[in-house]
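Protein chains: 2
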Amino acid sequence: MADPEAVAKAFTDHYYATFDSNRANLLGLYQDQSLLSFEGQKFQGAQQIVQKLASLPFQNCQHRISSTDAQPSVSGGVLVFVTGQLITEGESNPLKFSQTFHLAPLNGSFVVTNDLFRLNYA
Amino acid sequence: MADPEAVAKAFTDHYYATFDSNRANLLGLYQDQSLLSFEGQKFQGAQQIVQKLASLPFQNCQHRISSTDAQPSVSGGVLVFVTGQLITEGESNPLKFSQTFHLAPLNGSFVVTNDLFRLNYA
Chain A
1 MADPEAVAKA
11 FTDHYYATFD
21 SNRANLLGLY
31 QDQSLLSFEG
41 QKFQGAQQIV
51 QKLASLPFQN
61 CQHRISSTDA
71 QPSVSGGVLV
81 FVTGQLITEG
91 ESNPLKFSQT
101 FHLAPLNGSF
111 VVTNDLFRLN
121 YA
Chain B
1 MADPEAVAKA
11 FTDHYYATFD
21 SNRANLLGLY
31 QDQSLLSFEG
41 QKFQGAQQIV
51 QKLASLPFQN
61 CQHRISSTDA
71 QPSVSGGVLV
81 FVTGQLITEG
91 ESNPLKFSQT
101 FHLAPLNGSF
111 VVTNDLFRLN
121 YA
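Those sequence lines, one after another, are chains A and B.
Once you know that position 77 of the first sequence is 77 in full-length UniProt numbering, the rest is easy, because the numbers rise by one and skip nothing.
Once you know that position 29 of the second sequence is 29 in full-length UniProt numbering, the rest is easy, because the numbers rise by one and skip nothing.
Everything labelled a hint here was simulated from the structure, so no lab data went into it.
The structure displayed is predicted, hence computed values, not measured ones.
Among the hints, erroneous ones may be present.
Same chains, same label: a pair holds when it works inside one copy or across any pair of copies.
[Said to hold, decoys possible] Straight-line distance between alpha carbons at most 16 Å, and here's what the computed EDC-like set of lysine to aspartate or glutamate pairs gives:
(1) Lys9 with Glu91
(2) Lys42 with Asp3
(3) Lys42 with Glu5
(4) Lys42 with Asp32
(5) Lys42 with Glu91
(6) Lys9 with Glu89
(7) Lys52 with Asp32
(8) Lys9 with Asp32
(9) Lys52 with Asp20
(10) Lys52 with Glu39
(11) Lys52 with Glu91
(12) Lys52 with Asp13
(13) Lys52 with Glu89
Using the sequences provided together with the hints, build the complete structure.
See below:
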């Protein structure tokens, strides 16, 4: 199996660059069974998830990653655990966030089966 | 399968109460294959993991939980995602943390297969 650290690095580089340029392009990373918990709200399926992400009340944003941890999961996937800062337009202070992904292997690549996101308010 | 939210609530209540009273008693929650990433350091196996937790440089601490999210995992387990504050003796300021667990069902209960912990520095 692929090195979890390398998978996590490639995934997070791609995920946050896509998020910060055009959130609608995240659609291909999720599937019908994918789950998102976003600030306690729950969504299932690629369409619902990306609709939520695209509807967030800012146009431009930037993720600055502070840490990325990776572990192999019992199902042959990769758990990815990220902390960092989210800078959104119109906000002078960065928002601290943490996020967990579970990636499952599919056709030589990975899809997001689980996505959990929280802001860490100061 | 058990309700992920109920599993997460029961687990986190038990885990943090045990952590804050006697960390050595966390041993039974992990197994030989369990993985811990603690502030980027990696540990495998119940003994190694609990040895690390017991060696943290404070005697008394208290976890205050801000949020707990739960999702079913593709392997029939539960992903638990926690944010909160850690208060340690001798520190006047609480430390913000986030932590992810994957729980796998075993003999009618759950064991921790994955544990990832990070402080979110201000």
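- Task: If any of the earlier hints don't hold here, list their numbers in rising order.
- Result: 1, 5, 6, 8, 11, 12, 13
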